[in-house]
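Peer 1: Chain A is fixed; fit chain B onto it per the hints.
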Amino acid sequence: MFRRTPLAWKNLVADWRRFALASAGVAFAAILMFTENGFRNALLDSPVMWLDLVDADLIAVSRTRTSLQSEQPFPQDLLRRAAGDADVTVTSPIYIERSQAQVRVGNLPSRPIRVIGIESEPRWLTTRKLREVVSSLRSPQTAALDTQTRHLYGFALEDRSQLQKQSIELVGKSLSIVETVVIGADFVNEGTLLMSAQNFADYFSFRNSGQPLEVVDLGLIQLRAGSNPEQVAKRLTALAPRIWSVKTRSQLIQQETAFWSGQTPVGIIFSIGAMMGFAVGVIICYQILFTSINDSMPEFATLKAMGYPNRYFVLLVIKQSIYLSLFGFAIALIVSLGLFRVLEPIAGLPMLITIPRALFVLALTMTMCLASALLALRKLLGADPASLF
Amino acid sequence: MLIARRRRTSLAMHNLLHQPARTAVSVLGIAFAILLMFMQLGFLGSVGDTATLVYQRTPGELVVRSSEYLSVYDPRSIHASILNRLATTPGVTAARPLDIGVASWQNPNNGEFLAVALMGIDITQPALKLDELQTLLPLLRRPDHVLVDRTSRADFGPQNSVAFGDNDIGVTTEINYQNVHITGTFEMGTGLAANGAVLTSREGFRRLTRGDGNQVSMVFVELDKDIEPTAGKQAIIDRLRLGGGPLAHANVFTLADAESLERQHWYLETPVGIIFWIGVALAVVVGGVICYMVLTADVIARLPEYATLKALGYSTGYLGRTLLLQSTLLAFVALPVATLAAFTLFHIASAASGLPIRMTWQWFSLVSTLSISMCAIAAMLALRKLSKAEPASLF
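So the sequence lines, in the order shown, correspond to chains A and B. Residues in the first sequence are numbered from 952 upward in steps of one, following the working numbering. Residues in the second sequence are numbered from 13 upward in steps of one, following the working numbering.
FYI, nobody ran anything at the bench for these hints, they're computed from the structure. A virtual CB, placed ideally from N, CA and C, is assigned to each residue, including glycine. Be aware that one or more of the hints could be misleading.
As the list claims (entries may be wrong) - Going by beta-carbon spacing under 8 Å, a handful of chain A positions derived as facing chain B: (1) V1217; (2) M1226; (3) A1230; (4) S1247; (5) I1297.
In isolation and in its complexed conformation, chain A is listed as follows (with noise of 0.2 Å):
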């Protein structure tokens, strides 16, 4: 076993320019898959982005809230009598109004923006460049912007300066810029504006009959440590099971991916579009290895007539699809960290690629050369030697 010419490895650089053309055919088709699955799951991940920024083990939501996007309030008292649960050591409310927050920039119309209230001193917030923002903005009719904001509000996004002279008007009242954060646009929310809990109930002061606070949007939970998540959720939600529901991070994104890709038919035409990249990989597949298997075939005969079994070629076929397929995939990855570096802010939504979004893009790349492999293979397995000359 260990004499034999690694013939597969030769076989694919026995010409180096048909291998780097193999190898960017293969490379083309995974960043095909890469780009229609990182569509797919910027639809999914933009909605909980933000839960990256918030270092909260439990978050409570309305229980009629459909998907965070919609608006649906629930009674700040609850978020007060879970505070007194024993495995809770802190709660915080965040308040958010959106289609009510219309934000005017200069002469341009007025157009809705997510405005998101907190506390002033939100200890629950992962970095701390943010809390500092967020203390900053204790000024009345101040806030601080998303920078990834779109351009349609005409917002000064690129001069700090300018921004903060820029005449902006909330529900009619006028706002200054202070600070520029990174939030995250979506789907449904194209810019953010951050301010305290004060300023918040000052714009939207009609918000609840005229008790803004009361009701939150938001709740976030923090538990002690050694306690059980799922079984704390599950006690604060018997709470009031008909109002509100309080979930883990975890069962959170759960949900809303489902919402997602389930539920609207943005997410299904994106599941057809990842299928649609994989099918297109595997024709690219077929295409280079039935050429490159076509050319080596008198090669391929002569070794065949020496009596050399079917087994070894489907062997060596596998082998040299599956060096194809690393080659072309690693060639992949990086062309598409840098595509997904422009067609962020094109598209205005996060693309991201995750070690295990790449690993599946992987496992698709190997498989397509492999079906493409065996495919390919099928007129040598049944060919006599002498008709292969």
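Peer 2: Coordinates of chain B only, in the frame set by chain A:
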């Protein structure tokens, strides 16, 4: 010359017919690339189609709307006195108000809330073109009467859990936390912006949105038969300017312009539209690559034959034209295959996503042009391989 051309055709044809199985694979590869373009364009088109449904279903020639208008489901509003001002403008035969907005709908089965498109029409002069409209109007007599779009997704909670229909008549649920009674169904179509639609009277709309009744979202204007829409548009603009006040800033568009503006908004300003455009661009590149691979594989396989032809004195130009012809033939055979497959897939994707995904002549001609030019470019690139066809080196 004529003979030469016939010979060329027969060589291209002969090349294709020589190994029918191989040609079939090539055709399938190219057809797949074309199918990919159709799919992405189909998805993009469905975004535009569903976003402009309102403008396709409204009567008249012109629409008057607020200068603050963002999109059809967030049109803002103008003062209702504009109705009177428009109705008294010479040349205007009707000015029909339409209220529209997004509201929260409670699924009557499980109590969950969903966003729904809410429309309010004046039942004495409805701003909607629907065949069944005359039978529907009596069903909207009271402000708490609503009609539900039969194409609304099943998540909205029809009694049979599939689609809204006669079973749902008499059901009570909530819109914006206020009771409404379903008195019937209508069919207008839903889409990406809203998965469900509800129709009510203007009074009903005012009640559900807690509006003050002095505002209207949009007004659809019908002109005298002998007045050109653009002339009528100018007359209305002049008339509004002359009247002064906030109404002078209202925007006037022909319905066709309003529809194409709405399409542009969805295609170029929303993430969904942008992503599908990128998808179309990717599909064109993929298609080009597949065609190139199919053609070069063919050139390489026939290199000895081409070398022989060259040795016989045929020019590289002749071989190039043969290849170009061959690629065009491939595109022409692949195109109907892909179109048929696209029709089938559109059907399936429509059913799966609940969106109307349809083939249009524009898409067909765009894809035809793209695929023929894609094949031609691939052929020219593959031509470079032909320069290798040095007679001596090949034998």
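Peer 1: For each hint, tell me whether it holds in the structure or not.
Peer 2: Checked hints:
{"no.": "1", "hint": "V1217", "in the structure": "6 Å, holds"}
{"no.": "2", "hint": "M1226", "in the structure": "10 Å, violated"}
{"no.": "3", "hint": "A1230", "in the structure": "7 Å, holds"}
{"no.": "4", "hint": "S1247", "in the structure": "13 Å, violated"}
{"no.": "5", "hint": "I1297", "in the structure": "6 Å, holds"}
In summary, the numbered hints that this structure violates are 2, 4.
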